[in-house]
Amino acid sequence: MSSLKNKRQRAILITVLAVVLLAGVVLLGFILDEEKIATHLDNRNSPPSLEHLFGTDWLGRDMFTRTMMGLSLSMGVGLAGALGSTMIAAFLGMIAATMGRAADAIVSWLIDLFLSVPHLVTLILISFSLGGGAKGIIVGIALTHWPSLSRVIRAEMMQIRSAEYVQVSRRMGRPGWWIAAKHIFPHILPQLLVGFLLMFPHAILHEAAVTFLGMGLSPHQPAIGIILSESMKYLSSGLWWLAFFPGLSLLFAVRLFDVIGGNLRLFTDPSKTHEE
Amino acid sequence: MEKSRKLAIFLLLKVLRMATLLAAICFISFLLVKNSPIDPVQAYIGADMVNVGPEQREQIAEYWGLDEPIMLQFSHWAGALLSGDMGTSMVYREPVADIISVRFRHSIALMLAAWILSGIIGFALGAVAAMKKGTLADRIIQWYCYTLASTPTFWMGLLVLMVFSVWLGWFPIGLGVPAGVLTEDITFSERIQHLILPAVTLSIVGVGNVALHTRQKLIDVLGSEYVLFARARGEQGFVLFWRHGLRNIMVPALMLQFASFSELFGGAVLAEQVFSYPGLGQATVEAGIKGDVPLLLGLVLFSAVFVFAGNLIGDILHRLIDPRLREERL
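Respectively, the protein sequence lines represent chains A and B. Following numbering that gives the first Met the number 0 from start to finish, the first sequence increments by one per residue and tops out at 275. Following numbering that gives the first Met the number 0 from start to finish, the second sequence increments by one per residue and tops out at 329.
Computed cross-link-like contacts, EDC-like style, restricted to lysine to aspartate or glutamate with a CA-CA straight-line distance of at most 20 Å:
#1 LYS13(B) x ASP321(B)
#2 LYS13(B) x ASP103(A)
#3 LYS232(A) x GLU285(B)
#4 LYS131(B) x GLU224(B)
#5 LYS6(A) x ASP137(B)
#6 LYS33(B) x GLU61(B)
#7 LYS132(B) x GLU224(B)
#8 LYS13(B) x ASP111(A)
#9 LYS289(B) x GLU229(A)
#10 LYS132(B) x ASP219(B)
#11 LYS289(B) x GLU93(B)
#12 LYS134(A) x ASP38(B)
Partner residues aside, some chain B positions facing chain A, computed with beta carbon under 10 Å:
#13 LEU31
#14 TYR145
#15 PHE153
#16 MET155
#17 GLN272
#18 ALA286
#19 GLY287
#20 ILE288
#21 GLY290
#22 LEU295
#23 LEU296
#24 LEU300
#25 PHE307
#26 ASN310
Keep in mind that the hints were calculated from the coordinates and are not lab data. These numbers come from a predicted model, not from an experiment. Just so it is clear, CB atoms sit at the ideal spot from N, CA and C, and this is done for glycine as well.
Just chain A, with the same shape it has in the complex:
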């Protein structure tokens, strides 16, 4: 590690590793064939082994395959939800910063509105309203995760609007859209990207939680929440691997996203380039 004295270089290495690992999971979710999660009644409830890394369940399905498929499904749902939420955050943050005090007050009231009911309860309500399924979760996540990011965007916009080069550009007669596109957007893009990535872990955890409660993805899909809620029935008979490994994999995936997001924030901050 002698060549990696600089903090940024270490961070790059870790980020690349994390991305490769996550990409591997998604790839595995696609490659692993359905045959492995077919019912094999001759090989039920076997503990983890080399052949079945995470063991098998009461139908003889390979838990490793189910977990990987579940993870890539969760990531898909999380991706859609986080994307939607980032767009809402960007939109409302810009409105709050540029459309005057009334708009600012309305957006801040909206933020209070969405923070005043616990996220999980909102998710249950929305999922109930849309009749469950992936759609309910994605809409729910998109509608609940934007407030903190929109506050960040608003603050950034306020700051950049009063910056000298933007003021000068305005005096020189540049139209508003030009300033927005050339000056403001490039400035908030990194914030949006980092905010999006840091939203991901929450989105995935909430998806798993709602699915676990039975309000999310359907029981026929190999979601982590489904796997864990099914495993509850078998805990007392000592089948610990049904819950342990899928949950641990979820924890790892979420943590990796957190690391990537955190490091990306480091990269977008030029003042930390040469930190030891």
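Here the structure of chain A is known, so what remains is to put chain B in place on it, guided by the hints.
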């Protein structure tokens, strides 16, 4: 005199804002619930649906006013709500207000235990990490907190259940109210026994936020000039922390704990589901799955009031404790 008037105005504004938010929550959640594809008549009758003809079905719908325009339905519901009637639960066939008050007594015990435990442990961890900044202890505590932030609460619950109930056999598996026993007959010690595991789960997961904030705050305080001066006078270790650190970091930690009621409620929903603890969270999930519209609406409103109460208490305490805040703006 001046002080108490300011506080009164502050409280009035807060409550007014809350009133507008609650009204909006009522309206939006009512629309959302009405939008649901789950048929309330079917949800009410359940498995006996085969015995109910279309005419009877229409009669029930008419009796409930389901054929009226949605705005009229809303005004009926909101009117009843204002006079204190939250409706009757379809699953339990009891007034929603009664169910919530019974369930809340269970939940508050769990949430309070978890809240106090996670607050104290988190605060202690954060303080230790900051005092020992850069050491192995600091790194372990930080790693622990960051990892917990990524840990699904319900998975932690399953792990706790596996270790303490299945392997060690110290606690019964699930069921806050054992089968065949009336709710009133449960002894206090039994109740405590069923409370411990969910409370432990929530505390394990809940310490991260407080610990990390306290750590950062204390590091800031330790970097200040008055601490530098205290060090120059020879103070160090616990005495330094006791005299200069503690009071400065207690208020932010307390504020954070009061602001975390929302996550606490969400965590309780998951923990109650894992441990079959008969609290508000379990009722919320049940209402959602079985399509119990009045109960679901009541719980959404109640959770909003709960979160608001937490924020309000935090704000008032902050103003009472921190003299700087009283001097400044309203």
